[in-house]
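*Asks:* Reconstruct the complex from the two isolated chains, following the hints.
Taken in order, these protein sequences are the chains called H and A. Position one of the first sequence corresponds to residue 1 (the numbering used here), numbered consecutively onward. Position one of the second sequence corresponds to residue 1 (the numbering used here), numbered consecutively onward.
Hints were generated in silico from the structure; no laboratory data involved. Glycine is no exception: its CB is placed at the ideal position from the N, C-alpha and C atoms. Incorrect hints may have been included.
[Unchecked claim] Calculated pairs, PhoX-like style, for lysine-lysine (alpha carbon to alpha carbon, straight line, at most 25 Å):
1) Lys337(H) to Lys152(A)
2) Lys472(H) to Lys76(A)
3) Lys136(A) to Lys334(H)
4) Lys136(A) to Lys364(H)
5) Lys152(A) to Lys472(H)
6) Lys136(A) to Lys366(H)
7) Lys337(H) to Lys154(A)
[Said to hold, decoys possible] The following residues of chain H were derived to be distant from chain A, with all beta-carbon distances above 10 Å:
8) Gln107
9) His144
10) Lys172
11) Gly235
12) Ser271
13) Tyr285
14) Asp320
15) Ala351
16) Pro390
17) Leu495
18) Met540
19) Pro563
20) Val606
21) Ile656
22) Gly737
Spelled out from the first residue to the last, the chains are:
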Amino acid sequence: MTNSWTDIRNTDLVVIMGGNAAEAHPCGFKWVTEAKATRGAKLIVVDPRFTRSAAVADYYAPIRQGSDIAFLNGVINYCIANDKVQWDYVKAFTNASYIVKEGFAYQDGLFTGYDAEKRDYNRSTWDYDIGPDGYAVVDDTLQHPRCVWNLLKAHVAQYTPELVERITGTPKDKFLKVASMIAECSSKTKTMTSMYALGWTQHSKGSQNIRTMAMLQLILGNIGVRGGGMNALRGHSNIQGLTDVGLMSNMIPGYLTLPTEREPDFNAYMSTRGFKPLRPNQMSYWQNYKKFFVSFQKAMWGDAATAENNWAFDYLPKLDVPAYDILRAFELMKQGKINNYVCQGFNPMQAFPNRGKLAEALSKLKLLVVMDPLQTETARFWENHGVYNPADTAKIQTEVIQLPTTCFAEDEGSLVNSGRWIQWHWPAGSPPGEARTDAAIMSGIHLRMKELYRKEGGAFPDPILNLTWNYKDPHEPTAVELTKELNGSVLKDVLDPNDPTKKVLEAGKQVASFGVLRDDGSTAAGCWIYSGSYTEAGNMMARRDNSDPDATGAYLKWSFAWPANRRILYNRASCDIDGKPWDPTRKLIEWDGAKWTGYDVPDIAVTAKPQDVGPFIMNPEGVSRLFARGMMREGPFPVHYEPFESPVANLIAPKIRGNPVARVFKDDFAQFAEPASKEFPYAATSYRLTEHFHYWTKNNHVNAVLQPEFFVEISEELAKEKNIANAGWVRVWSKRGSVFAKAYVTKRIRPLMVDGKPVHIVGIPIHWGFVGAAKKGFPANVLTPFVGDANIETPEFKAFLVNIEPSTGPVA
Amino acid sequence: MNMELSRRQFLKTAGAGVAGTTLGAMGFGAIEEAYASTIKPFRLVNTTEVRNTCTYCSVACGILIFSKGNLAKGEKADITHIEGDSDHPTNRGTLCPKGAALLDIVKSETRLQYPMIRRAGSDKFERITWDAALDKIARAFKDDRDANFIAKNKDGVTVNRWTTTGFLAASATTNETAWCTYKTVRSLGMLVFDNQARV
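Looking at chain A on its own, in the form it has when it is part of the complex (with noise of 0.2 Å):
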């Protein structure tokens, strides 16, 4: 109980997953399992388990991710634990000290929950509304794209470019975010438009 007790401590100041092999290389190893197996039985009895990747590297680790509740019978689902899919032919099971912290990213108090706008000149963000900024954005690229539209260059050729306005895509999105940018982006005859993979 004593033990368990400092343990949790232990991961309070340290951060759960990482902390988990540094008292296992410890030597705390039958702890560890005798703490896992209180843990096991609670975790699958109350929780969600749903296959995910983790999100830093290419490896591409697999993972597990348990939640209290069942997104996919339309609940509300609240994560609770990450950890390394045993299943996985590539990492089987484990995860590295980036990985082993995904909760806390998922968790993260700098995560963005609502959309905010930063005035010309202003030294805040403030909130506004969906609709407001999709509107906004609309109207800045409509008017932008009207105005500096090159449908023919100086030889008469068609054209059909908008370079006044650019896209930088991401890195992590999948594939079918990225597909669905891309239609967007291009549509519009944007050409500059790049994504993570540059750098």
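Isolated chain H, as found in the complex (with noise of 0.2 Å):
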């Protein structure tokens, strides 16, 4: 979230479209009937079902799962056509004026420099005419055919209300009534705020569709103020954390990345992350990379870390692919290319798609490590269970070990909501069994890896032998000796140039913010953003003051938010140029001459003067973006693609199949059905229900009764073409796999007219497996694609193509 749960109360409008937080995230939607009940707030909600959340919107209208950029280009078409814009806003704090290079077009769908064979771009037109003084040109009248705004313009034309119509099946009438709600939150005081979950990442082009929403908040000026931003509801508890900190193949904590072996040495990896401002006066924070870096680098590797060896740089595997995300592993997997696997607190046989493939990787691996305070159809993929699990047990040579860890009541630490604060939480019971922590469970890998290589040598161990391991227990590190890691500390003292009598910084003493790190190997800091989490002060992610002045929503002493205890992101765009709040009643911060006040910690200097610094401090340009550059795969501006399995051909691009450059693996394609495919004509999506959390409360009894069996909703027009009987046992089935459920004929998803000709929704709830307290059933995933989102390679779990026949029922 750019803002925070608590602030939704500030909002004017609120627009749930690829989420359902009612259901998903009932207790954060509280703020959204508090901004109803006290400020007048109306809710739209957009999407394929009439969930709880439109069950209680003041307007909602359906749309077809897997074009919501059709949707949203369309109303920034709108917008613009209306002029309906934050001009102010536009013009101050986003690249509208900005020219991009000539060569740059689209055409058909795609973009200038398009390669079918690759499914990828040559990307360099995409990008700023740079000016003899190294600064992008711009044209603040907005005059210049090739600045952004005029080509965003042109791009979005094609959106009118009747496409927009023909490709989502959302009615015009419905479309322009939500459309013309929207574009009045382009007034200075009138601020909307945007809900989104998985329904709009499990998409191919999951990533353009969130960007889509983002431009249209800035068109609004609607980024940087209270009530309004990009709000990720987020799924796990700390499914930010564990971003943050950077558990990925290519990351680095904090967001830094990890050296690909196109840059041989530490010079060459610097030289792509230098970051150097666009335009005058710009903190460009990223100048400051080798900062963290370098203080990562000794936070991992302490002594060994030098100036002479390039901070240990070499210590660094280098990724020869993008990365080794889910999808990749287990294509790999599949291959027989991965011998050992390790699951840490994660059921991929649920949770990621195509069941059939995963398990047939599963069955290829040597050893399988599964750490879980709860048993998981993983750990036991190899058990036969019928139906619902055929496996050929004898067959499976695959090793599996199984160990039991603590869950959230046993242990401490914090955990990172979707408004970026972090909360310390403490143990409150004793594990059951012999189960450990997951860091006792780490330790114990570590302190024997490293014995072995003591012992025995082997491939580079350096790296291993030198892993900083300064716990007083080395078996089970405490949560606060790690917590201090990631804050960073001091470890040489630094003395005042100016007088070195002084010292600016102590050795041994915890940061007190990022702004101190250093390059020079006398700091160290594990997870640069979390500088300032538990500093000499003491434990911020502890702090319980409830306290909110005014009554604004920012709860600055609750715990602490990353970065820097900042609550709303981008706050300096909540003013104009001069530095005046846009609206005066929600002031967040404030230019008083001197210096920036109010209620939110500032994005940038607290003295930094209002017409000089802009607020998207960590883009080299200080505004930001509605033409991405070279930074989205499919191209600077969003273009609606079909999902890879469509009932529909592509009306704007008939010959592009899903997203054109989205990763699919050879055998994966040979696994879709076609667009508009009559063995399989229903387009089907996935969802979860308000008493499941995903596959664990299927090892809870309360939630399992509550809503005990696997079903399928579908349409009573479906229902009657098909000849289903509500609560009557089916069969759905999808190119990859075939599952029995009992029908729900409901009122709650209608048909579409989608150019034309009606398409039917089978909406398909995830819980169900074959352990746990719930009656066994199946998986959504037995049908779902193995394909990604082009950029960050998120399933396509919300639009796939299924049939479905009235059936007696799974024969155990």
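*Replies:* Laid out in structure tokens, this is it:
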């Protein structure tokens, strides 16, 4: 989230699209109710299903899953055509005025530079004109035909209300009603918030779904303000933290990135991470990259990371592919190229697409290690459960070690919520049986590896032997010891250059903020964005002062928010170019002539003059991007692409199937249904019920009882057409697998008219499997396609094709 | 008394936390209150209260966990009750149908108790000691790493990567666990490394 749950109270309009907060995030949704009750805020829900969020909405519009970009490009077009633009904001805080290079163009669904063989682009023209002074060329009058604003205007002109209706199935009048309600928020004193979740991410163009709404929010002037923002609701309790701490193939904590093999040495690595400002006076905060990187290396390898060895640069592995994400991992596993695999609190047999492929892949492992508080299908993938898991047990040679871990109630530490609040918690109970903390298990593995390499030698032992492990009990580091490393500390005194008798930084002390981190090896910090969370003043994440002066919803003294305890990102943009709040009744910060004051920690330096420094400090431009340059693989502007399995061909580019740059492995392409397939005519989507939490609550008797049985949800029209009775058995199948379910015939799902043809939707809730307290049932991933988003590889769970027929149910 | 008894029976069948709200909604508010007032003193005198965060979604509702025994004093502690933290700015004491049933996930019958191993081709899990399990994992890692570690690529560039063993991290573990995991995994040169945020 750019904002926070408690900030939603400040909004005038909530748009829930790509999520279902009332059911999936009920206690956070309360703040929507609060805004409606106290401010008269309105709620719009756009969703293929009439969800419980829709049930309390002021306006609901149906949409075909996978067509969100067409809808939102249509709204952007509407705003531009009707002059519903927050012009002062757009001119001051976006790249609308930047001139794009000659040669950049868009035609028939593709931008300049497409290579169909590689399913990739040469993105060299997707950039600004750079002037002789080294800065991007701009035209503040927005008259230049190649300025971003004019290119955007031309790009979205195609998405008329008529075309939107033909692609999305949203009736034109409903689309126009939503567009006009959203457009009202271009007023300086009206704000809209976007609440989204997996309904936007789980598509082969998920990143672009979100980007399109972010662009709309910028055009309306809704980023950086109270009650505005792009608010990812986020699924699990520490999904944000696990990402912050960089537990991904290509990441270093704090959103630094691993080197690739095209960066053979430290200088080459740093040369692509220089981030020189593209406009005068801009902070371009990534200019500090080296300070954060060197401090990270010192946290990892202490004295072994020296200026002479480039801070142990070679201790880091270098990538040969963009990332070894989970889809790639299971593809490699299926090919027999992975021998050992560890699942720590993660149940991929349920959570990843194409279960048949997953089971085949796991069967090729030599060793599978599962660390979990609960039983999982992954740990028991080799067990035969009839139709629910038809494993050939005796043939599966994989050894499986299952290790019991503590759960949240038994361990200590911090979790990051959707609004980036890092909250500390304490253990309350003794673990069951012999369960151990994850930290104890990881230590057990690390210390054994260290010992084996010390005794036997072997392949490049240095990063293992030299890994910092200075804990009181090396077999089980405490949460406090670990979190102090994340925050960072001073390793060597740093003296004041003007007065060497004074220490600027004192060895052994925790750093107070990332602002003091250095690239000379005198500081260490595991995760620079967490600096300030555990300082000499103590554990800031454990703070519990719930005061909220003037009821702004900021709660600055409750826990600690990264970065720098900032509660609303880009908050400089809540004021005009002179530093006055756009809406004085919703002041967040303000320029008082000498400094910034207010309710939040400003993003820019407290004395930075408002006319000089832009709010988007992580961008070298200092402004936000309506034109993404080469940073998105599909293109600098969003384009409507159909899901890989779509009930219709792409209306604006009939030859393009799916996302033209999404990575698809060879065998998987063969397992996709054709567009407008007769064999698989129905558009399916997956979702979660309010009583359930993914596959975990299957282990909980209460939740298992509340929603006991696997069902699929279909419209009355489809039920009639297929002669399916409510509560009767059906078989649902895709090109990858088949499930049996009870049919739930409902008014909540209705067929949509898409380009003159009805499209029926089949809703498939997730929860069921073959272990736990719940009745056995089928997981949705039996059906779903093995393809991810082109930028970050989140699987396309929300739009795929199935067929359905009445059935007598599974034969056990 | 009779009413209280029937409530207890109701709780038994439907599960504690969630039933509370249902009963309240059914118009048993006064009984609810009376019942709560009999529990409260018992709870405060006999249990330890600890602040924690709901393990499910990222709304991150504050919760209070009550246990018999005090972990902080080195005692064995048995969790008896979980409720919303009314001081928490986000949830202000409320919990959803998942959070209200947290006690049952802590106490789930399918909580894992002991390290287990399933041997090649076997149809069952067997007990194994922690030391034997961790030794086996370390041995498998070491052998695989030594056999498949790539120090330089075909162009002679130092790449120091290991791609034949992978690690999938969680979504609900703490930042501190995450850091401990990161250090262990990355120091091995492992690249097949991901977490649940991918979904």
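*Asks:* Now tell me, hint by hint, if it's right for this structure.
*Replies:* How the hints compare with the structure:
1. Lys337(H) to Lys152(A): holds, 19 Å
2. Lys472(H) to Lys76(A): holds, 23 Å
3. Lys136(A) to Lys334(H): Holds: Lys136(A) and Lys334(H) sit about 23 Å apart, inside 25 Å.
4. Lys136(A) to Lys364(H): holds, 18 Å
5. Lys152(A) to Lys472(H): Violated - the C-alpha atoms of Lys472(H) and Lys152(A) are around 37 Å apart, more than 25 Å.
6. Lys136(A) to Lys366(H): holds, 12 Å
7. Lys337(H) to Lys154(A): holds, 19 Å
8. Gln107: holds, 33 Å
9. His144: Check passes; 40 Å lies beyond 10 Å.
10. Lys172: Lys172(H) is indeed farther than 10 Å from all Cβ atoms of chain A, at 35 Å.
11. Gly235: Given a closest Cβ separation of 6 Å, the condition is violated.
12. Ser271: holds, 15 Å
13. Tyr285: holds, 22 Å
14. Asp320: violated, 7 Å
15. Ala351: violated, 5 Å
16. Pro390: holds, 14 Å
17. Leu495: At about 30 Å from chain A, Leu495(H) clears the 10 Å cut-off, so the statement holds.
18. Met540: holds, 13 Å
19. Pro563: holds, 14 Å
20. Val606: holds, 25 Å
21. Ile656: At roughly 25 Å from the nearest Cβ of chain A, Ile656(H) sits farther out than 10 Å, so the non-interface label holds.
22. Gly737: holds, 18 Å
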